[in-house]
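There are 2 protein chains.
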Amino acid sequence: MTSTALLESLRQIVGAPHVLTDGDLSAYEQDWRKRVHGKSLAVVRPGNTAEVAGVIKACAAAGVQIVPQGGNTGLSVGSTPDDSGRQIVLSLTRLNAVRHIDKDNLTFTVEAGCILQNLQELADQQGLLFPLSLAAEGSCTIGGNLGTNAGGTQVVRYGNTRDLCLGLEVVTPQGEIWDGLKGLRKDNTGYDLRDLFIGSEGTLGIITAATMKLFPQPAAQLTAFAAVPSMEAAVRLLGLAHQHLGAGLTGFEVMGQFALSLVVKHMPQLRVPFTEKEADMGDEAPYCVLLENSDSESEQHARLRFEHLLELAFEDGCVVNAVVAESLTQAHDLWHIRESIPLAQAEEGLNIKHDISVAASRIPAFVEHADAVLKREIPGVRLVNFGHLGDGNLHYNVQVPEGEDGKAFLRDKEALVNHLVYEAVDAFGGSFSAEHGVGALKTDKLEKYQSPVALQMMRAIKNALDPQGIMNPGVVLARG
Amino acid sequence: MTSTALLESLRQIVGAPHVLTDGDLSAYEQDWRKRVHGKSLAVVRPGNTAEVAGVIKACAAAGVQIVPQGGNTGLSVGSTPDDSGRQIVLSLTRLNAVRHIDKDNLTFTVEAGCILQNLQELADQQGLLFPLSLAAEGSCTIGGNLGTNAGGTQVVRYGNTRDLCLGLEVVTPQGEIWDGLKGLRKDNTGYDLRDLFIGSEGTLGIITAATMKLFPQPAAQLTAFAAVPSMEAAVRLLGLAHQHLGAGLTGFEVMGQFALSLVVKHMPQLRVPFTEKEADMGDEAPYCVLLENSDSESEQHARLRFEHLLELAFEDGCVVNAVVAESLTQAHDLWHIRESIPLAQAEEGLNIKHDISVAASRIPAFVEHADAVLKREIPGVRLVNFGHLGDGNLHYNVQVPEGEDGKAFLRDKEALVNHLVYEAVDAFGGSFSAEHGVGALKTDKLEKYQSPVALQMMRAIKNALDPQGIMNPGVVLARG
Numbered sequence: 018m019t020s021t022a023l024l025e026s027l028r029q030i031v032g033a034p035h036v037l038t039d040g041d042l043s044a045y046e047q048d049w050r051k052r053v054h055g056k057s058l059a060v061v062r063p064g065n066t067a068e069v070a071g072v073i074k075a076c077a078a079a080g081v082q083i084v085p086q087g088g089n090t091g092l093s094v095g096s097t098p099d100d101s102g103r104q105i106v107l108s109l110t111r112l113n114a115v116r117h118i119d120k121d122n123l124t125f126t127v128e129a130g131c132i133l134q135n136l137q138e139l140a141d142q143q144g145l146l147f148p149l150s151l152a153a154e155g156s157c158t159i160g161g162n163l164g165t166n167a168g169g170t171q172v173v174r175y176g177n178t179r180d181l182c183l184g185l186e187v188v189t190p191q192g193e194i195w196d197g198l199k200g201l202r203k204d205n206t207g208y209d210l211r212d213l214f215i216g217s218e219g220t221l222g223i224i225t226a227a228t229m230k231l232f233p234q235p236a237a238q239l240t241a242f243a244a245v246p247s248m249e250a251a252v253r254l255l256g257l258a259h260q261h262l263g264a265g266l267t268g269f270e271v272m273g274q275f276a277l278s279l280v281v282k283h284m285p286q287l288r289v290p291f292t293e294k295e296a297d298m299g300d301e302a303p304y305c306v307l308l309e310n311s312d313s314e315s316e317q318h319a320r321l322r323f324e325h326l327l328e329l330a331f332e333d334g335c336v337v338n339a340v341v342a343e344s345l346t347q348a349h350d351l352w353h354i355r356e357s358i359p360l361a362q363a364e365e366g367l368n369i370k371h372d373i374s375v376a377a378s379r380i381p382a383f384v385e386h387a388d389a390v391l392k393r394e395i396p397g398v399r400l401v402n403f404g405h406l407g408d409g410n411l412h413y414n415v416q417v418p419e420g421e422d423g424k425a426f427l428r429d430k431e432a433l434v435n436h437l438v439y440e441a442v443d444a445f446g447g448s449f450s451a452e453h454g455v456g457a458l459k460t461d462k463l464e465k466y467q468s469p470v471a472l473q474m475m476r477a478i479k480n481a482l483d484p485q486g487i488m489n490p491g492v493v494l495a496r497g
Numbered sequence: 018m019t020s021t022a023l024l025e026s027l028r029q030i031v032g033a034p035h036v037l038t039d040g041d042l043s044a045y046e047q048d049w050r051k052r053v054h055g056k057s058l059a060v061v062r063p064g065n066t067a068e069v070a071g072v073i074k075a076c077a078a079a080g081v082q083i084v085p086q087g088g089n090t091g092l093s094v095g096s097t098p099d100d101s102g103r104q105i106v107l108s109l110t111r112l113n114a115v116r117h118i119d120k121d122n123l124t125f126t127v128e129a130g131c132i133l134q135n136l137q138e139l140a141d142q143q144g145l146l147f148p149l150s151l152a153a154e155g156s157c158t159i160g161g162n163l164g165t166n167a168g169g170t171q172v173v174r175y176g177n178t179r180d181l182c183l184g185l186e187v188v189t190p191q192g193e194i195w196d197g198l199k200g201l202r203k204d205n206t207g208y209d210l211r212d213l214f215i216g217s218e219g220t221l222g223i224i225t226a227a228t229m230k231l232f233p234q235p236a237a238q239l240t241a242f243a244a245v246p247s248m249e250a251a252v253r254l255l256g257l258a259h260q261h262l263g264a265g266l267t268g269f270e271v272m273g274q275f276a277l278s279l280v281v282k283h284m285p286q287l288r289v290p291f292t293e294k295e296a297d298m299g300d301e302a303p304y305c306v307l308l309e310n311s312d313s314e315s316e317q318h319a320r321l322r323f324e325h326l327l328e329l330a331f332e333d334g335c336v337v338n339a340v341v342a343e344s345l346t347q348a349h350d351l352w353h354i355r356e357s358i359p360l361a362q363a364e365e366g367l368n369i370k371h372d373i374s375v376a377a378s379r380i381p382a383f384v385e386h387a388d389a390v391l392k393r394e395i396p397g398v399r400l401v402n403f404g405h406l407g408d409g410n411l412h413y414n415v416q417v418p419e420g421e422d423g424k425a426f427l428r429d430k431e432a433l434v435n436h437l438v439y440e441a442v443d444a445f446g447g448s449f450s451a452e453h454g455v456g457a458l459k460t461d462k463l464e465k466y467q468s469p470v471a472l473q474m475m476r477a478i479k480n481a482l483d484p485q486g487i488m489n490p491g492v493v494l495a496r497g
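Here the protein sequences line up with chains A and B, keeping their order. So the numbering used here is basically just the index in the first sequence, starting at one, shifted up by 17. So the numbering used here is basically just the index in the second sequence, starting at one, shifted up by 17.
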C-alpha cells in the first residue's frame with residue numbers, strides 16, 4: 018500500500034479533519050523536554066476504540082509503524098516519532114469519555130485520553146478521591162500514566178498507577194480489541210495481561226480505556242515540614258511515620274538544602290522554613306522532609322496524631338525542627354516549595370536529571386557514596402537531591418558547577434555524570450528509572466543494567482505479541 | 018535420554034535421597050481435595066535455586082514435563098501430575114530459607130517453600146505484620162501463594178498476594194535464573210515480568226524466592242459482627258466502613274443465615290450471634306457481616322471509631338443488630354465462626370464449591386438472580402453463601418438438597434449447578450475464579466468465559482516463554 022493510499026484509508030476511518038499532515042505539528046512530533054524532533058507521516062486522532070482498531074489494522078496491513086501518544090508529557094522520549102516521515106503518531110486525546118462511575122464499587126471507567134486533573138476533579142465532585150497526582154497532571158492523560166506506570170507524590174500510600182488499575186481495554190498490534198474492563202478486585206483467570214500492558218509504553222498494544230480505583234476522601238489532610246539532621250534520620254522518621262500514622266501517611270518527600278536554596282534564590286516570594294531565616298540550620302539539618310497525614314476522622318485528630326509523631330521524632334533525634342501547617346493555604350505553600358524545585362533548577366541553568374530508586378534502607382549509604390564519587394570526579398558539581406523518599410525514589414539531579422558554561426558542561430560531562438550515578442545506583446541494587454520509564458532515551462541503560470535473562474524474556478514477549486514490530490519500535494527495547 | 022538416565026542425572030543434581038520414586042507418594046501425587054490421583058516419574062526435591070535450575074535443564078534436555086508444587090493445598094488441581102508416570106513433580110518445600118529481613122525497607126526476602134504461617138510469625142517477632150492470611154496458612158507455601166495469586170481475608174486492605182510482592186527470583190523453562198529481587202517500590206525498567214509470573218500457576222517458570230512487603234503492626238485490632246437486613250444493606254455498610262474507617266478496614270466478610278445455621282448445627286460449642294437465640298432474626302437479617310478494624314493508635318480509639326460507624330449504620334438502617342468483641346478471645350471466636358463454615362459444610366454432606374467475584378455494587382442483584390435461577394432449576398437446593406464481600410468475592414456454594422443422596426446429586430447435577438452459577442456470574446460481568454486460580458480443573462471455563470483476544474495473547478506468551486511446553490502442561494491453558 019502506498020502512503021497516499023494509507024492516508025486515504027485513515028481519513029475514511031477517523032474523518033479527514035483528524036488526519037493531520039500539514040502545518041505546525043511540533044506539539045506531536047517533539048518530546049516534552051524538546052530534546053528530540055521527529056517527522057511523522059501523519060498525526061491520526063481517532064475518536065473511539067473501534068476507530069483505534071481500524072487505524073491499527075490499516076497500519077498493520079501497510080506495514081507502517083505506530084507511535085501512540087497521550088498528553089506527550091513524558092520525560093523519556095517514549096511518544097515521539099523518528100525523523101523518517103514514515104511513522105504514524107496515534108494521538109489518543111479524543112478518547113476522553115468517562116464511561117461509568119460506580120460509587121459502590123469505588124471505581125470509574127475512563128478513556129485513555131482523559132486528562133489526569135479532570136479525573137481528580139470528577140472524583141472530587143463525587144465525594145471520592147482519585148489519588149494519582151504528579152507534576153504534569155494538568156496536561157498528561159490517564160492512558161499515558163498507565164503506559165508509563167507513572168508514580169507521583171502519593172505512592173507511599175496508594176501505589177503507582179499500576180496499583181490503581183483494575184482493568185484495561187486494549188487494542189492489540191493486530192487491531193483486535195481486548196475488553197478487560199470488569200472492574201473486579203479479584204480475578205485469577207489466566208495470565209495478568211493488565212500489568213503486562215501497564216508500563217509497556219505502547220510497545221505491546223494501545224490502552225484505550227481503564228477501570229481505576231477510587232477511594233473515600235479523607236476527612237482531613239495535614240502537612241508538616243521537618244528539618245532532619247541526616248539522611249539516616251530521614252529514613253528513621255519514615256519508619257516512625259509508618260508506625261504511628263499507619264495508612265494515614267500519604268506523602269513523604271525529602272529535599273536537600275541546596276535544592277531548597279535554589280527555591281529561595283529564584284522564588285523569593287515563597288517562604289521556605291529552616292533555611293534563610295536560621296542561616297546555620299543548613300549544617301544542622303542538611304535535609305528537610307515534607308510529610309502529609311490524611312485522616313478519616315477529623316482535622317483535630319490528624320493534628321493530634323501529627324503532634325504525637327513529631328514528639329517521638331524529637332525524642333529520637335531524627336527531627337531537629339518542624340512546623341505543621343495551620344491552614345490549607347499554609348499546607349499548599351509547603352507543597353509548593355517541593356513542587357518548585359524543578360523550576361528553580363531550570364532558572365539556575367542547565368542540569369542533568371535522574372529518576373532513580375534504591376531500597377529506602379540503603380538510601381543513606383547510596384547518597385553518601387554517590388555524593389562522594391561525583392564531588393571527587395567532577396570538581397564544583399552541585400547536587401540537587403530531592404524526591405519521594407517514602408518510595409525510595411530520588412530525583413538525584415546534577416546542576417552545572419557555578420560559573421561554568423552549561424552547554425559545554427553538558428557536552429563534556431553529561432555522559433560521565435550519568436555513568437557515575439547509574440553505576441552507583443547499580444552497586445546499591447537500585448533502578449535507573451523509578452517512575453519515568455525507559456522510552457527511547459534509556460534503552461542503552463536497559464541493555465546495560467537490566468538482567469540479561471529478563472531482557473531475553475521481554476524480547477520474547479514483544480515478538481510474541483507484536484511480531485511485525487510496528488508498535489512504538491525503539492522504545493523500551495532497542496531496535497534489533 | 019532414557020528415564021533411567023534422567024533419574025540418575027537428577028540424583029546427581031539434588032542428591033539421591035531427594036529423588037523419590039518409591040513408597041507412598043500420594044501427598045505429592047494427589048490434589049488437596051483428593052479429586053485427582055496422578056503418577057509421577059519421580060518427586061524431586063531440590064535444596065536451592067541452582068539445583069532447581071539444574072533439574073529444569075536436565076528435564077528440558079530430556080523433554081520431560083515438570084509439575085511445580087508447594088504445599089499442595091490448591092483447590093483447582095494446579096500441582097498434580099497426570100497419570101502417565103512420565104512427569105516430574107518438582108517440590109519446592111526444601112527451599113525454605115529466609116534470606117533477608119530489611120526492617121527499614123519494610124520487606125523480607127524469602128524462599129518459595131516457606132510456610133505462610135511461619136512467615137506471619139517471623140514478621141510478628143520483628144514487630145511487623147505480613148498480612149497474607151488464608152485457611153491453608155499452616156501448610157501452604159509462599160511460592161504457591163504467588164503462583165496462584167492467593168487472596169484471603171485481608172485483601173480489602175492489603176490486596177492479593179500480587180500486591181504484597183516487590184520482586185521475584187524465577188527459574189525459566191530453559192533453566193536460567195532471573196534475579197528480580199531488588200525490593201524496590203518503584204522500578205519502571207521494562208515489562209512487568211513479576212506480575213506475569215504471579216498467578217501463572219507454574220506454567221511459565223518456577224518462582225524460587227520473593228521479596229515481600231511488610232507493614233507496621235496495628236496498635237489494636239477489633240472485630241464486630243453485624244446482622245444486616247439484606248445484601249444491599251451489606252454493600253451499604255461496606256461503603257460506610259470504607260468512608261469512616263479508611264484504611265483501618267482490614268476485614269469485611271459476609272455470611273448467609275443458612276451458612277451460619279450449619280455452623281450452629283455442627284459446631285454446637287460455638288456461640289453464633291443473631292441466629293439461634295433470636296430465632297426470628299433470620300428473616301429480619303438474612304445475612305451477617307464480620308468487620309475488622311485495625312488501628313494505628315489504640316484499642317480505645319478503635320472502639321470509638323467502630324461505635325461511631327455502627328451508630329451511623331443503625332441510623333441508615335443497614336445494620337439491625339451488632340456486637341463488638343470485648344476481648345481478643347471474643348474476636349477470635351467471631352472469626353472462628355466465619356472460618357468454620359467450610360468444615361460445617363463438609364459435616365453436612367457433599368457440596369459444590371464456587372469461588373466467584375462480581376463488582377461489589379452488583380453483588381445484591383447477582384445473588385438475587387442466581388438464587389432464583391438455582392431454586393427454580395434445582396428444587397430443594399440449599400445455598401451456602403459466604404465470602405469476602407469487601408472484595409466482591411463470594412464462595413457461592415451449593416449444598417445437596419436435604420435427604421438426597423450426595424453422590425447421586427453430584428453425578429446428576431454438578432455440571433448443571435456449575436453452568437447455572439457461571440452463566441449468572443458471566444451475565445453480571447464477574448469472574449468464575451476470584452482467588453483459587455484455574456488449575457487443571459477449570460481450563461474449560463477459561464476457554465468459555467475468558468475473552469478470546471485475551472486467550473490468544475496468553476497462548477502467545479506461553480509459547481514464547483516455554484516453547485517446549487514442559488512447564489505444568491494442561492494447567493491454566495488446556496492442552497493444545
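Heads up, some of the hints might be wrong.
The list makes no distinction among identical chains, and a pair is therefore deemed to hold if it is satisfied within one copy or across any two copies.
Said to hold, decoys possible - With a straight-line cut-off of 25 Å between C-alpha atoms, the simulated SDA-like cross-links for lysine to any residue are:
(1) K120 <-> V337
(2) K74 <-> E356
(3) K424 <-> H283
(4) K392 <-> A444
(5) K74 <-> D141
(6) K120 <-> R253
(7) K462 <-> L24
(8) K120 <-> H386
(9) K430 <-> G334
(10) K392 <-> E421
(11) K424 <-> R50
(12) K282 <-> S357
(13) K462 <-> G64
(14) K465 <-> E154
(15) K282 <-> F232
(16) K74 <-> A477
(17) K430 <-> L400
(18) K56 <-> M284
Source of the hints: derived by calculation from the structure; they are not laboratory data. No experiment lies behind these values; they were computed from the predicted model shown.
TODO: Find the hints from earlier in the document that the structure breaks and name them by number, from lowest to highest.
DONE: 2, 5, 7, 9, 13, 14, 15 and 18
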